[in-house]
Every structure is written in structure tokens, then in C-alpha cells.
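Asker: For chain A, the structure is supplied; the task is to place chain B on it using the hints.
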Amino acid sequence: MRKLAILFVATFWSLLVYSQEDIPNVIVKDLQGKKVNIQNVIAEKPLVVLTFWASWCKPCHQELNSIADLYEEWNEETGVEVVAISIDDSRASGKVKSLVAGNDWPFIVLLDENADLKRALNITNVPFLLLFKNGKIVHKHVGYTPGSEMELFEIIKKNTK
Amino acid sequence: MILKRLALIVFIGSLAFKLDAQIFDKGTFSGSFETNNNLYRTDSVINANAPDDKFGSNTYFKFDYKLGKFSAGIQYEAYMPPLVGYSQFLKGNKIIGRYASYEDSLLTFTVGTFYEQFGNGLILRSYEERALGINNSIDGFSVKLHPIKSATIKAIWGKQRKYLDYGEGTLRGIDAELNLSTLLWKEPSVNIIFGGSWVSKYQEYTGTNNQIPTTVDAYAARLMLEYGSYSLNAEYMTKDKDPMQLNLFSMDKGNALLLQQSIVGRGLGATLSLRRVENADFRSERQAIEASFINYVPALTKQHKYALANLHPYSTQMMGEIGGQLDIFYSVPRKTNITWAKGVKINLNVSSYWKPKGNEYLSISDTLFFRDVGIEIEKKFSYKFKTALSFINQYYNKGAITGGASEVITNIAVLESYLKLRKNIWLKLELSELFPVQNENNWSLALAEVSFAPKWTIFASDMIDHAEQNIHYYNFGFSYTKNASRIGISWGRNREGLQCIGGLCRFVPAYSGFTFSISTVF
Chain A
1 MRKLAILFVA TFWSLLVYSQ EDIPNVIVKD LQGKKVNIQN VIAEKPLVVL
51 TFWASWCKPC HQELNSIADL YEEWNEETGV EVVAISIDDS RASGKVKSLV
101 AGNDWPFIVL LDENADLKRA LNITNVPFLL LFKNGKIVHK HVGYTPGSEM
151 ELFEIIKKNT K
Chain B
162 MILKRLALIV FIGSLAFKLD AQIFDKGTFS GSFETNNNLY RTDSVINANA
212 PDDKFGSNTY FKFDYKLGKF SAGIQYEAYM PPLVGYSQFL KGNKIIGRYA
262 SYEDSLLTFT VGTFYEQFGN GLILRSYEER ALGINNSIDG FSVKLHPIKS
312 ATIKAIWGKQ RKYLDYGEGT LRGIDAELNL STLLWKEPSV NIIFGGSWVS
362 KYQEYTGTNN QIPTTVDAYA ARLMLEYGSY SLNAEYMTKD KDPMQLNLFS
412 MDKGNALLLQ QSIVGRGLGA TLSLRRVENA DFRSERQAIE ASFINYVPAL
462 TKQHKYALAN LHPYSTQMMG EIGGQLDIFY SVPRKTNITW AKGVKINLNV
512 SSYWKPKGNE YLSISDTLFF RDVGIEIEKK FSYKFKTALS FINQYYNKGA
562 ITGGASEVIT NIAVLESYLK LRKNIWLKLE LSELFPVQNE NNWSLALAEV
612 SFAPKWTIFA SDMIDHAEQN IHYYNFGFSY TKNASRIGIS WGRNREGLQC
662 IGGLCRFVPA YSGFTFSIST VF
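Each protein sequence line maps, in turn, to chains A and B.
The numbering used here puts the first sequence at residues 1 to 161.
The numbering used here puts the second sequence at residues 162 to 683.
If we strip away everything but chain A, and leave its shape as in the complex, we get (with noise of 0.2 Å):
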């Protein structure tokens, strides 16, 4: 009973407090191994998507080729810049640097080992991507479909306003 109570209030909580999210305090690495929080990632720049991705998931790797092949024509018009943050353990991200390298990704890629930042922002499954507008979080989305790289700019460029 007292579980559901806090619950409740929990619940009730979250439907009084509207405030937007901020960039948590979470340590990532880069590919160098060298660690780097998030927060100074992100923080100086206007607009930023911050994408989840990992080695296995097939849609990710299609968003990633997809925004990396617009990548350009997009930072030109909008300035807006792709932190793609790798949820892969160390099963795989020891390869993460030879994946990113031999696939030409012109964004940052990060590390998230052992899903701190992807608990922090509390992302249920992968693809993720949010976007920061001045540090404050103004868009999420879960999941890729071919074509829907489109919505995303159209919602980028809404920001740039």
C-alpha cells in the first residue's frame, strides 16, 4: 500500500511540475577513452541532436547514414550539430572507433558503456534521439523509419526561429 501511495504521489507530482529538462551530469568517453561530460559536449551550442545508437541495431545504423549523408547541407542552413552516443558495452565498443571511422561519419561520437547517460535521460530502447535548443531538451523521439530524417530537419529548422 505504501508503495502505491508513493506512486501516486509520484505520479501526481509529474503532472504538476512542468519545467524542461536539462543536460545531465553524466561522464561519457570519446573514442580517444578520454572521459568527457556531457554537459560541456553539448552546452556552448545552439542547437544539438544527441542520437543513441549501437552496433547491433540495424534501423540506428540506417538513421546515422542517413543524417551523415545530409549532415552537411543541414549544419549549413541550420548550424545544428550530431552527437551520436553509442550505447554499446564492452562487447562491442572496443570496434565502435573502427565502425564510426570506416562508415565516414562526419558528427562527434561518444561512448556510453555502461548506460549512464541513456539511464539519466531515462531512454527506453534504441534508436533515441533528442534535440537541445540552448541546452534544454525540445523534441524526442524514439525509433527510425526511412524517410523520417525528413520531420526531424523540418522540427530542427522550427528551432532555428
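Check each hint, because a few of them may be wrong.
[To be verified] Taking lysine-lysine and the DSS-like style, the derived pairs with C-alpha atoms no more than 30 Å apart in a straight line are:
1) A/58 <-> B/230
2) A/133 <-> B/643
3) A/158 <-> B/305
4) B/584 <-> A/140
5) B/506 <-> A/118
6) B/305 <-> A/45
7) B/584 <-> A/133
8) A/29 <-> B/310
9) A/133 <-> B/230
10) A/58 <-> B/466
11) A/34 <-> B/347
12) A/58 <-> B/223
13) B/506 <-> B/616
Since the hints were made in silico from the structure, they are not lab data.
Answerer: Chain B in isolation, oriented as in the chain A frame:
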């Protein structure tokens, strides 16, 4: 119990504090909800027996609250009853995760449930993998310290989660990491990172065998090195004698060695991993069979995206294994002049694991456990049409891995295509064929998926086992996605077998019926 109360008090206290302070715009609330439900039916064709309840349901609620440097949260889980393939020990519902945490640039302090990994996880990794029913989070406290920018020190203490409760064993651990390059140089051209860990478990022993230790210590050292396009990641773990159920009460020490090297350039990357493990199972309870993992030693093989390549997944042979994996990724430069090569990407993967030879540390025996050789070629013809071709050859020593006496050898071919039909409407087609070489049936798979970007997807697939009589594993369904929420409904048959994520597997019996899932992030 005390920890639990403390965490709850801090959590509720932080809410109350927030109310009092009247700073509604400062704190944030976030969370997620996920539920997966199955209605089972008995289906004699695939030997699927519906459980007594004919129903299974796994649900997860997570709430986090953050105010400045403080945060707190809970996780509620309900298995009413657990889905087929999950442990029946999960049955029930509970707020099983709860934490309160303080963090600033110097220090992070957490009381309650937390997740942690030391190095590559060879010595310690607590994590959550819902798809496998794994959650070995630690309940206790953890401290992370950054005394200087180039160094991190972590200390943990607690008991590990076991199903919807906590296990008997107590864990203690310390990990330190030093980035020598950033310590010595302002703009280092070479990157050198050292690390070391100690993890100790304690479990009371009331039996009569005075050889059984109550405390088992493990140590690990690691080095990461990067110079130009070359990088090295090495770690060695050693563990004191740790007699337990899983190693048949072996009195030997255990160890694991990982050596990973990469060379990268623009459009090209190669990674070679070598690993040797011996008696490396490390659990917080000596009677553990399928829970209480302390360390994480995943199978270093390719995690295949295609179903037929996953019929015989390999899992690490913790008692003894030696082998490695090579991965090469290449893509033709975007601005190439060669028309046919435009948009081509190639991935080559080879992995092979043997039983080690008894007394020579780095030699292999005649027993091959597993080998996987595959090539995948992707070609993007235009924005509207993409295709990928894969060929995979697998050797799986069923006799040595799961018992019995057979070696399974297969060849698999996969063709996958994406075609844009109209604005925002795409068709995905996947055709696979498994050609048996030894001890397997011929299998075929066809899958069609139509997506209406960005919200709807409908799919139909059939996987056929060409046994004496063809057995069809059909599946169809749809999903609807809006922003961070997703609903999926499907109907069909699922083959019995191992479901593996990250090199850990759970056995899922054959099941048939209706699946319904919802997930949302807020």
C-alpha cells in the same frame, strides 16, 4: 532495510523541500514507462505450450527527480506473471530500485541502487538488460571522486540485486584511473590512460568444508594507449580461489586477459580483439546459477542483425576459452568518380574461439568452440533505393558448448533492400536462406515491412524450418510511434532458442500468440 528507508526519506524529503521552497521552475521530473504483454496459446506445431495463466506481463516504471545537485529516483517493476523465458523467481511486483544522489564537479555520492563498471567490466559491471531479465544493480553506496582533472577514484559497497530482492553476498570495490597525458601535457599527441581495480566479495559459509573461503578478492589492471591512428586497450584480471557451484568447486585461481587494437583512417577502420579466460566466473553468491553476476565477460563475436545468423549464438566459455575477433569497416569515399563504387560500404568480420591448452598460457587446443566468418556489402544506389548483401559461414560446436556430440556448420546468405514507394512511404524486404553443411535443416526467411514515416510501420514475416514437414514461424503486426512513445502489436510464432544480448543469453521456449507493448519517456 535502513538504506531503503533512508533513500525513501531523502526522496520524499526532496519533494517536500521543493514544495516549501516554492521553486516550481527549478526541479525537474522525468521518467519512463514500459510494458510488454503476451497472450499465449498452445501451438503443437512448434511445441509451444501456453503457461497456466495464458498470459505474461513485464512492466517497468522509472521516476527521477532532480533539484540542483541533488537527485533521487525509484524504479518499480511488475511481473504478473513474468513473460515466457524469464525466470519465475521474478514473479511479483515491487519498488526495487531507489536512490538519492549528490553530485558536483569534485564528487558524486549515491545511496541506494546504483550501476557501475570498472574498466572493461572484466572485474565488475552492474547493469540492467530488461530484454534478458538481468538487473544486477548494487544496493548500498558509491562514491566517485575527481581529485584532479586527470584522475578518477571510485569506491562501492553493497549487496547485489537478485530477481526482486537482494542476494546474500556483499561487494566492496575500489577503482582508480589516471590519464597520464592530460596530467603531463597541455596538448598531448599521445594518449595514455592507466587504471586498476580491486573487488572483494564476502558471503557467510555455514557448511562443513573448511576449504571454502568467505572472502574472495579479485584484481585488475588496464592500459589504454593511443598514438595517431593506432590504439590499444589491454586489461588483465585475476581472482583468488573461488569454489562455487558454477566452477564445480574448483580450488584454482581464475583470470581473464583482453587485448584490443585498432587502426583507423578516413573511411577505413580495423579492430583486432584477443581474449583468454580461465575460471573467470565471478558471482556474489557461491550457489548462483543464473544470477548474481559481478563481472561481465561477453562473447566477443559479431552480434548479428539477421535471425538466421542467430540460430546458434555463441556464449563465453567461462571455464576456459581463447580466441579473438577481427573487424574491418570500409566505405568508398563520398566524392568518388567511380560510378559503380559510389555508396558502397563493406564490413568483414571473423571470430574464432578454442579451448585453451592446459598448461601453456597462450596456446590453443584442438577443440574449436565457435567460428564465424562474414562479409556484408552495402550499396546505396540512390536516396530511393538501398541494398545490402551478406554471406556468413558459421561453425558451432554444440557438443562442447551445450552437450551432445554434434558440430553444426552452416552457410547463410541475406539480401536486404529498402525502396521508397511514395513520399514518406518505404518498403523494406529481407530474404535469407540458411544452407546446411552439417547437422542443421535448411531454413528460409522472408520479411516485408512498410513504413509510413514517421509514425506507422506494418510488417509480416515468415521463417521456415524445412524439416520433414515445413514449419512456419510467421509473425505480423504493426507499430505506432509518436515522439518518445511507441505502441507495438503483433501476432505469431517464436522459435525456441537462445535470446542473446551483449553475449549473455537466456533460453526462451517456443511460444505462440499475441504480443502487446507500450513504452514512453517523459
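Asker: Just pull the numbers of the violated hints for me, sorted ascending.
Answerer: Failing hints, ascending: 1 and 3.
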